[in-house]
Amino acid sequence: MKFLAQELPPPRAIEETPVTGKNQDPLIARNLQKEQYVGILGLAIALVAAVGFFSRRFEYAIIFAFFLSAIIIAFLLFV
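So for the sequence shown, my numbering puts the first residue at 401; every next one is plus one.
Do not rely on the hints blindly, as some may be mistaken.
To be verified - Now the in silico label distances, taken between C-beta atoms and shown as ranges: (1) F466 with L408: 53 to 61 Å; (2) L432 with A474: 22 to 30 Å; (3) A444 with R412: 26 to 34 Å.
The hints are simulated quantities; they were obtained by calculation from the structure and are not laboratory data.
Ideal placement from N, C-alpha and C gives every residue a C-beta, glycine not left out.
The task is simple: from the sequences and hints, build the whole structure.
Here you go:
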């Protein structure tokens, strides 16, 4: 069992990769954020319209829940 008696090399410092200009990570789609928000908003409007076609009261409940959620999220972000 010589493993315990062997000397270990000194630890090396962790070096950070330098950032050149903007972070050019190809796995992050930075330019598609606006399109994603527009798509999510379009889906939400389509959902409310489809539900409103069947039940007007349920449509009002969903709209109220969206606005209440947005108010609570904004409150929690800025507090």
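Hints, one by one, checked against the model:
Checked against the hint of 53 to 61 Å, the C-beta distance between F466 and L408 comes to roughly 59 Å, which is consistent with it. About 24 Å separates the C-beta atoms of L432 and A474, a value consistent with the hinted range of 22 to 30 Å. Look at A444 against R412: about 51 Å separates their beta carbons, and that is not inside 26 to 34 Å.
Checked against the numbered hints given earlier, this structure breaks only hint 3.
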